[in-house]
Amino acid sequence: MKSKKSGQLRSIFAHIVLIILSFMCLFFFYILFINATRSHADLQKGFSALPGNYLFENLKNVANDGTFPMFRGILNSLIVSGCSAAICTYFSALTAYGLYAYNFKLKKAAFTFIMAILVMPTQVTAMGFLRLVTNMGMYDSLLPLIIPSIASPAVFYFMYSYLQSSLPMSLLEAARIDGSGEFRTFNQIVIPIMKPAIAVQAIFTFVGSWNNYFVPALVIQSKEKMTVPILIATLRGADYMNFDMGKIYTMILVAIVPIILVYLFLSKYIIAGVTLGGVKE
Amino acid sequence: MKQKHKKIDYAKWGYLFILPFFVSFFIFSLIPLIDTIRYSFFEYYRSGIKEVGPNFVGLQNYISLLGSDMLKYAGNTLILWIIGFIPQIVIALLLAQWFVDARLKIRGSQFFKVVIYLPNLIMASAFAMLFFTMFSTNGPINSILMSVGWIREPIDFLGSVLGTRSLVGLMNFLMWFGNSTIMLMAAIMGISPDVFEASELDGCNSVQRFFYITLPQIRPILAYTLINSIIGGLQMFDVPQILTNGQGTPDRTSMTLIMFLNSHLKSKNYGMAGALSVYLFIVSGILCFVVYRMTNNDDPDGSKAAAKKAKKQRRG
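Going down the list, the protein sequences come from chains B and H. Read in order, the letters of the first sequence are residues 1 to 281 in the working numbering. Read in order, the letters of the second sequence are residues 1 to 316 in the working numbering.
No lab work stands behind these hints: they were computed from the structure. Quick caveat: nothing in here was measured; it's all calculated off a predicted structure. Cβ atoms here follow ideal geometry from the backbone N, Cα and C, with glycine treated the same way. Worth double-checking, as some hints may not be accurate.
[What the hints assert, rightly or not] Now the in silico label distances, taken between C-beta atoms and shown as ranges:
no.: 1; chain 1: B; residue 1: F71; chain 2: H; residue 2: L78; range: 20 to 28 Å
no.: 2; chain 1: H; residue 1: P154; chain 2: B; residue 2: G66; range: 31 to 39 Å
no.: 3; chain 1: H; residue 1: P54; chain 2: B; residue 2: G137; range: 52 to 60 Å
no.: 4; chain 1: B; residue 1: G66; chain 2: H; residue 2: G108; range: 26 to 34 Å
no.: 5; chain 1: B; residue 1: R184; chain 2: H; residue 2: F26; range: 39 to 47 Å
no.: 6; chain 1: H; residue 1: R219; chain 2: B; residue 2: M138; range: 44 to 52 Å
[Said to hold, decoys possible] Taking lysine-lysine and the BS3-like style, the derived pairs with C-alpha atoms no more than 25 Å apart in a straight line are:
no.: 7; chain 1: B; residue 1: K223; chain 2: H; residue 2: K12
no.: 8; chain 1: H; residue 1: K266; chain 2: B; residue 2: K107
no.: 9; chain 1: B; residue 1: K60; chain 2: B; residue 2: K195
no.: 10; chain 1: B; residue 1: K195; chain 2: B; residue 2: K105
no.: 11; chain 1: H; residue 1: K268; chain 2: B; residue 2: K223
no.: 12; chain 1: H; residue 1: K266; chain 2: B; residue 2: K225
[Said to hold, decoys possible] Example chain B residues on the side facing chain H (calculated, C-beta under 10 Å, incomplete):
no.: 13; residue: G46
no.: 14; residue: A116
no.: 15; residue: G179
no.: 16; residue: F183
no.: 17; residue: V207
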């Protein structure tokens with residue numbers, strides 16, 4: 001009897017803590033949304049809990065601002081993130097398949113090598129990377145933000161674990177007997193089997209690339225090539241006190257809304273995907 | 001004989017399939033790494049439009065970095081990481097435990113999971129910019145606090161060391177506790193229910209169950225979360241950079257190592273940037289090795305080794 005009552009108390013306590021934490025997570029986005037719907041003059045008067053009707057006007061101001069080409073930035077970010085997600089997942093799946101399905105001399109060495117660099121931060125090679133990109137004539141272009149994602153050890157590891165659990169070798173042998181070439185087997189049999197893993201990793205790569213700030217900030221120079229995070233940083237660096245605050249909130253809103261939309265539609269898969277890449281059981 | 005011939009033939013495909021990965025890694029990571037290490041031994045910087053060097057100076061860059069504020073920035077990075085990590089892991093453990101506990105009957109647990117994971121996906125730079133505007137002296141937070149009547153004068157959060165560091169910690173906490181919760185939840189769900197049932201029969205209460213069963217059982221993933229968080233903390237950049245506009249204000253107390261590296265790179269101080277990168281490389285190399293041992297081993301978490309040790313102790 002006593003334990004039942006204490007269980008109830010614990011349950012209530014748990015719910016309260018969860019509500020407080022959820023409130024903390026959502027509160028900032030709520031303020032962001034409210035403030036993005038209000039005009040500069042309105043914002044100066046102090047905070048109000050209800051949204052205004054200025055969102056459309058703010059959006060128009062953001063779109064017409066030549067110093068911070070936000071929508072151009074979103075387009076650049078979409079290009080970089082989309083291409084990165086596509087080539088990263090494809091080549092990671094290819095690498096994983098190559099190491100999983102074939103036996104060759106350097107197989108173990110190659111696998112060990114990739115595992116050794118699994119969590120190596122990109123920042124430590126940033127200086128050499130910047131010089132290399134400059135020497136290759138790719139400075140201030142979107143290409144150096146896309147191409148290096150071919151080699152993503154973490155995505156590879158995820159794909160490899162997935163192959164281990166879901167690709168029977170007998171299927172490949174059957175394909176061989178039916179006269180399918182190795183490359184065709186990969187594209188037409190293995191890729192469809194790996195679709196769930198590819199989808200999850202495509203989302204994470206896309207988000208990671210969308211949010212990436214360090215490397216793009218080093219490589220990109222000209223305004224029309226800037227991605228969203230660099231624009232946000234320039235906004236911070238500018239003399240913001242003289243700005244239209246409604247516009248600033250709207251810019252931040254525009255920068256994070258695409259990801260929130262993607263998340264709302266795919267949250268189930270994303271949350272399930274978080275743990276899949278974790279420690280091997 | 002024919003069989004063997006066939007196998008050699010297939011090996012070619014293996015090499016071909018892994019080739020793009022290694023070519024890309026070689027060009028975009030390995031060459032830059034070697035270049036970085038090479039220039040760390042050179043005096044090579046730009047002052048104004050004049051380029052000095054590269055002149056070989058041996059370990060000079062490493063020594064002058066030790067004499068500079070690098071250690072202070074390393075300390076900052078550590079402090080900022082700890083402020084975020086401790087609440088993150090405590091809350092994550094608590095929530096993971098609650099989500100898994102069927103008797104608590106958490107309502108809308110899917111909703112809570114979606115909400116607490118949300119900040120993890122938000123662009124860190126935009127999030128930091130949002131915090132900067134919200135916590136500025138005439139921002140909405142001060143405005144709310146004043147209208148509620150808790151404060152008279154606006155608080156200058158970003159003007160004080162404690163305020164800035166707490167904000168960075170709060171942002172890191174908000175961005176990562178949901179992720180840790182979900183990782184730890186998966187770990188707890190992986191524990192065999194038999195163990196819990198047995199403990200219940202033996203009259204174990206929920207606190208005992210947490211400390212004597214759940215915690216030891218999820219140790220591998222707990223360790224993995226810890227190491228991953230340390231690696232992430234070492235790379236901390238976006239949040240403090242945007243929040244303080246790259247200055248690490250006030251008085252460079254929120255300057256992290258990567259912000260320091262970034263400022264060297266921006267001013268084209270390649271020699272110093274190289275030496276700093278090598279220091280970071282060594283530290284992250286050690287962490288990589290730990291992760292490698294954990295993920296790529298028959299004994300991923302040392303649990304077998306621990307079991308062996310325990311056995312020995314029991315015998316001895």
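Hint check:
no., hint, result
1, B:F71 with H:L78: 20 to 28 Å, "violated (40 Å)"
2, H:P154 with B:G66: 31 to 39 Å, "holds (33 Å)"
3, H:P54 with B:G137: 52 to 60 Å, "violated (21 Å)"
4, B:G66 with H:G108: 26 to 34 Å, "violated (45 Å)"
5, B:R184 with H:F26: 39 to 47 Å, "violated (28 Å)"
6, H:R219 with B:M138: 44 to 52 Å, "holds (45 Å)"
7, B:K223 with H:K12, "violated (45 Å)"
8, H:K266 with B:K107, "violated (40 Å)"
9, B:K60 with B:K195, "violated (39 Å)"
10, B:K195 with B:K105, "violated (29 Å)"
11, H:K268 with B:K223, "holds (21 Å)"
12, H:K266 with B:K225, "holds (18 Å)"
13, G46, "holds (5 Å)"
14, A116, "holds (5 Å)"
15, G179, "violated (14 Å)"
16, F183, "holds (8 Å)"
17, V207, "holds (5 Å)"
Hint check: violations occur at hints 1, 3, 4, 5, 7, 8, 9, 10, 15; the rest are consistent with the structure.
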